[in-house]
Amino acid sequence: MRIGGTLVMLAGLIATSLWGGDDYFPFVPFKMYSFTHEADGWAHITRLELVNAEGERFEIDDEATGLRKAEVEGQLTRFREDPELLALVAEAYGDAHPGEPEIVTVEIRIKSYELVDGIRTGEETDVVEVAWSKEGAA
Amino acid sequence: MSAPHPSPRPAARSARFPGPEALRATLPSLSRGVNGFFFTPVALGRVAAMRFLAGVYIWLEWWAYKPFIIQHRFLPEDLYQPLLIGRILPIPAPNYWIVVTTFVVMLAAALPMMFGYRPKLFGWILFVAYFEWMLIYNSYGKVDHANFGFMVLLLALCMMPSKAKWGDRETLSERAGWGFNMVQIAVVCTYFLSTWAKFRYGGFEWANSGVFTWAIIRRGTIFSDWMLDFPWILIAAQWGMICFELLTPIVLFTYKWKRIQYAIIAFFYCFHIAVFAGITISFLPHLFAMACFLPLERVDPKALARKAKAKLKGRKDIPPQRGSHEDAREVESSA
Chain A
1 MRIGGTLVML AGLIATSLWG GDDYFPFVPF KMYSFTHEAD GWAHITRLEL VNAEGERFEI
61 DDEATGLRKA EVEGQLTRFR EDPELLALVA EAYGDAHPGE PEIVTVEIRI KSYELVDGIR
121 TGEETDVVEV AWSKEGAA
Chain B
139 MSAPHPSPRP AARSARFPGP EALRATLPSL SRGVNGFFFT PVALGRVAAM RFLAGVYIWL
199 EWWAYKPFII QHRFLPEDLY QPLLIGRILP IPAPNYWIVV TTFVVMLAAA LPMMFGYRPK
259 LFGWILFVAY FEWMLIYNSY GKVDHANFGF MVLLLALCMM PSKAKWGDRE TLSERAGWGF
319 NMVQIAVVCT YFLSTWAKFR YGGFEWANSG VFTWAIIRRG TIFSDWMLDF PWILIAAQWG
379 MICFELLTPI VLFTYKWKRI QYAIIAFFYC FHIAVFAGIT ISFLPHLFAM ACFLPLERVD
439 PKALARKAKA KLKGRKDIPP QRGSHEDARE VESSA
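Just so you know, the protein sequences line up as chains A and B, in that order.
My numbering puts the first sequence at residues 1 to 138.
My numbering puts the second sequence at residues 139 to 473.
Hints may contain errors.
With a straight-line Cα cutoff of 27 Å, these simulated DSS-like cross-link-like pairs (lysine-lysine) come out [claimed, not checked]:
1) A:Lys69 <-> B:Lys280
2) A:Lys111 <-> B:Lys280
3) B:Lys447 <-> B:Lys303
4) B:Lys258 <-> B:Lys440
It is worth saying that the hints were derived from the structure and are not from the lab.
Take the sequences, apply the hints, and build the full model.
Okay, structure coming up:
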C-alpha cells in the first residue's frame with residue numbers, strides 16, 4: 001500500500017517527464033535550462049519598461065507587479081496578439097504603488113546579444129516587442 | 139539472489155517441487171530487500187528536525203526567496219493562466235484576498251507544525267495552503283520546478299508520528315522511513331528526470347549547445363562572467379552536469395553505507411553552492427527537502443545551544459532554543 005504511494009508518485013513524475021508538460025503541475029517535467037541554445041545565434045533578455053504620466057521611463061523588476069520576466073515571456077504570444085493586456089500590467093503597478101504617478105505606457109523590450117562559437121561579438125539589438133499606451137497619452 | 143534462508147518445509151518436498159521452493163527461498167530475501175529500500179526505519183528525532191526545517195523554509199520563502207509570489211495579489215485575473223488542476227478543480231482565480239488569506243494561513247499553520255504542536259493537523263493545513271500558494275506562484279505563464287521535493291516533504295511529514303522529539307535517536311519508525319524515502323526519491327528524480335527533459339526539449343545536442351552561456355548572460359555573477367570568454371569550460375560543465383544528474387540515483391542505493399551516502403549528499407550541496415555562485419539560482423526548497431538524507435536525529439538543540447553559547451561568550455543573551463540553521467553542517471562534521 002505505502003509502496004504503492006511511492007510508485008504512484010514516481011509513475012506520475014516519469015509519465016509527465018515523458019509525455020506531459022508544465023500543465024500537469026505538480027507533476028512536471030523538470031525542464032529547467034533544458035532548451036538548447038545555439039552557440040551561434042542570439043541570446044535574448046526580456047524586460048518591462050514603464051513610462052509614467054510625468055514622462056519618467058524606468059525598468060521594473062519581478063517584484064514591482066508580481067509579473068516576472070519569465071511570465072512575460074511565457075505569455076508573450078498573448079501580449080503580441082492583444083497589446084491591450086499590457087494595460088493590466090499598468091493597473092497592477094498602480095495598485096502596488098498607490099502613491100506614484102499613473103502609468104501611461106508599458107513596453108516589453110527584448111535585448112539580444114549575438115553569439116559566435118559561444119562568445120559575444122559585441123553586436124546587440126534592443127527592440128520594443130509589444131507596447132501599450134494609454135489613449136490620449138503620447 | 140537465492141539466500142541461505144532456513145526453510146520450514148521438509149526437504150523431500152523441495153526435491154519434488156524445486157521451482158516453487160526455490161522461489162519461496164528467494165522471496166524472503168527479495169522482500170527483505172524491498173522492505174529495506176522502502177521502510178528502513180528512521181529515528182523520530184529526524185522527523186522533528188525536518189518539521190522544524192520545513193517551517194523555517196516556509197517563513198523564509200515569501201520574503202527572502204520568492205517575494206514576487208505575494209505580489210501576484212496585484213495581478214488582474216486576465217493575466218491568470220490556470221494549470222490543468224486549476225481548471226479541473228473549482229479553484230478560483232487568485233485575487234488580492236485569496237492571495238493574502240493563503241499567505242496568512244500558510245505562515246500561521248507552519249508555526250505549530252514546526253515546533254511539534256499537533257503537527258499532523260497543522261501539517262495538513264499547511265500542505266493545503268502551500269499547495270494553493272504554489273498554484274498562485276505557477277499560474278501566470280511560467281512554472282518553476284524546484285519545489286516538488288519540498289511539497290512531497292510537507293505531505294510526508296503529515297503522515298509521520300506526532301510524538302517526534304528533537305534528538306530522539308532511540309524511537310525508530312518505519313513510517314518515517316517510508317516517508318523520507320519518498321522525499322528522497324523525489325529529490326533524486328528532480329536531478330535524474332531533468333536530464334531526460336534536456337534530451338526531450340533540447341535534444342542530445344544540449345550538452346554541446348550554448349545554454350550555459352545564455353544562462354550566464356542572463357544571470358551571471360562575478361564568479362561566472364569571466365567564463366563567457368572560455369566557452370569550452372561551459373561545454374565541459376554541461377557534459378559534467380549530464381553525467382552528474384544521470385548518476386544521482388546511486389545515492390538512493392547507498393542507504394546501507396551511510397558515510398558514502400552523506401558524502402554524496404555533501405557533494406550535492408556543493409554542486410548547488412557552485413550553481414548559486416554562478417547564476418544565482420539556489421533551488422532552496424529542494425535543498426531543504428534534501429536534508430532528510432542527513433542524520434538530523436543526532437542534533438540535540440540543547441547541546442548545540444550550550445556549545446554555541448560557549449563560542450559566543452560575548453553575547454550571553456541567546457536563548458537556549460531550537461537548533462540553529464547550521465544543523466546540517468554541524469551534523470556532518472560530527473558524523
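Do the hints match the structure? See the list:
1. A:Lys69 <-> B:Lys280: holds, 9 Å
2. A:Lys111 <-> B:Lys280: holds, 20 Å
3. B:Lys447 <-> B:Lys303: The given pair, whose Cα atoms are some 22 Å apart, holds under the 27 Å limit.
4. B:Lys258 <-> B:Lys440: holds, 24 Å
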